[in-house]
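Trainee: Chain order of the listed sequences is A and B.
Residue numbering for the first sequence follows the numbering used here, beginning at 438 and increasing consecutively.
Residue numbering for the second sequence follows the numbering used here, beginning at 35 and increasing consecutively.
Hint data in this document are derived by calculation from the structure and do not stem from the laboratory.
Just so we're clear, the structure is a prediction, and the values are computed from it rather than from any experiment.
Hints are supplied without guarantee of correctness; some may be wrong.
To be verified - Derived coverage of chain A by chain B (criterion: at least 3 residues anywhere in the stretch with Cβ under 8 Å from a Cβ of chain B; other residues may be distant):
(1) 566-578
(2) 606-616
To be verified - To list a few chain B residues with every Cβ distance to chain A over 12 Å, as calculated:
(3) 227
(4) 240
(5) 359
(6) 373
(7) 415
We treat Cβ as the ideally placed atom computed from N, Cα and C, and that holds for glycine.
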Amino acid sequence: MSELGRPRIFLVDDHAMFRSGVRAELGDAVDVIGEAEDVASAIELVNERVPDVVLLDVHLPGGGGQAVLHGVMPHHPEVQFLALSVSDAPEDVIAVIRAGARGYVTKTISGEELLRAVYRVGAGDAVFSPRLAGFVLDAFAGGAGGPEPPAGLDPDLDQLSPREREVLRLIARGYTYKEVARDLTISPKTVESHVSAVLRKLQLSTRHELAKWANDRRLV
Amino acid sequence: MLAGVCGGISLAAGIDVTLVRIGFVLLSLGSGVGVLVYALAWLLLPLQGETTTIFSRAVTDRRGIRLVIAIIPALVVVQIVAAALHIGYLGSFSWPVFLAAGGAILIRRNASEAERVWINDDLIPMLHTGADRHTRRTLIVRVALGIVLGVGGLLVLMLGHPSSAALRPVGGALLVIAAIVVVFGPWWLSLVRDLMSERQARAMAEERSQMAAHVHDSVLQTLALIQRSADDPQHVVRLARAQERELRSWLFEGRPPGTVGEEAKTLAEGIGLIQRLIEADHGIAVHVVVVGDCELTDGLRALLDASREAIVNAAKWSGAGQVSVYAEVERDAVMLYVRDRGQGFDPEAVPEDRQGIAQSIRARMTRFGGSVVIRSSVGEGAEVELSMPRRELVT
């Protein structure tokens, strides 16, 4: 973060229209320190300027958003990525999360919500859209309701706890973290930690569904 | 008086109708010829204002004749049985019964409209001897007939024809069975009839409630939309056209409006379809998250229709710009949540004229064993929780 408390933002998107739109929407609340429109220039500029948060388009020419993550994470693990996408296809979203993004939102998100997401990712928390919560519930089906999880899975990584499942369900239903906390009578901080735990599982689990989604990812 | 034969003759011959009637009565009392002549005249003389007679129509009624011919195998069977069992009277008795039945069929099919009404209303019920009219008398007649048949059966059992000693028990047993059928048959029939009419009434009530739900869904919704866009004539025309199309396809093609089960095969497809329709019609964003998927059953179609109703409700009344829909397929049930962040309402105080929730959603869900929970308070938005079991309840 800059000393003013304004997160330093870097925009990666191949649509100039979208980049300028995001700039205008975020306005003075953030400090936009650069833009890139393809994978190569994005990796180079992000590694050079080390922003707090990168807004990363999932569909990026030259390897997709995950290629940028692979090019930056080893050098600057402190940079946080928030993935944006128009498509909402699970294979896109899961692939970019597994490559290291801290959150995912759709491009139809309002400026206000985007700003909140940027702050949250900048603070090291996870950002789950209802859509992403739905994907995760789908991928981690089992336990309550679904079929039994296949044998040989690490329960710490490959299964959601009942509480995590509850939290994700409420997020999928459109509840904010604050509303989730009130509904489950836990603190917002606890909700955050549940979501972060889920994100970790999402990135590290070897569940077949997740691997498949990541592999099926169409490169645009 | 009966079929107007006397009146017809008196008109044609210029004799007073009373004289003709007296003549017929005398003929009938004498030898019964009068009855036969009367019946033949009824069949062979055209009705006033008509050119064809029942007889001439019956001769050309190919389907009727085919129907009569279709009874012949039954007659043959009866003849064979009668021959095998040496029950001569059964064989000779079956012929007149067959001829009478065939004649009755042809006459009924070819009688004039008014005569058919008379036959249906006054003659056919006599065969039923149901619980409606003449109960006492028919009961006595039936019991008497039953006793006669039963006693006859017992007599045959005990005496019988010497040459058919071995077959006596069979003939006797048949007569006893016939006696039981004669006495209890109408009661069984009336039981079955009661059962059927009860089922019919239930089906009709259900149909009515479904119809109310459909009309509410499609027509009333469209009317509300038209009122709201009164200053946009083109939009009004578009809405009216769409409604007309929908109503026509429902009335004339039997495709219920507001159902998404036709085009969609799975739950996720159905929700996607609803999302597109509502976003197009109501200009509100519908965010959909579906976890899992499954084939649509009748219950799940009802769930989709109910969810559509709930989303449209939110679009119309909440004032919110977006609605969140979350559906999850669980092992035994499908849960679906419709949430808005609008003005909210007090679920206890929904006015009567906004029957959407009460009628449409709840009735749809409970019909297939599902349930509805509505959570809302003023200023807090609203959430409708729908739950439908995946295996349909056997009713």
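Trainee: List, from low to high, the hint numbers that the structure doesn't satisfy.
Mentor: Checked against the structure, the hints that fail are numbers 5, 6 and 7, while the rest are satisfied.
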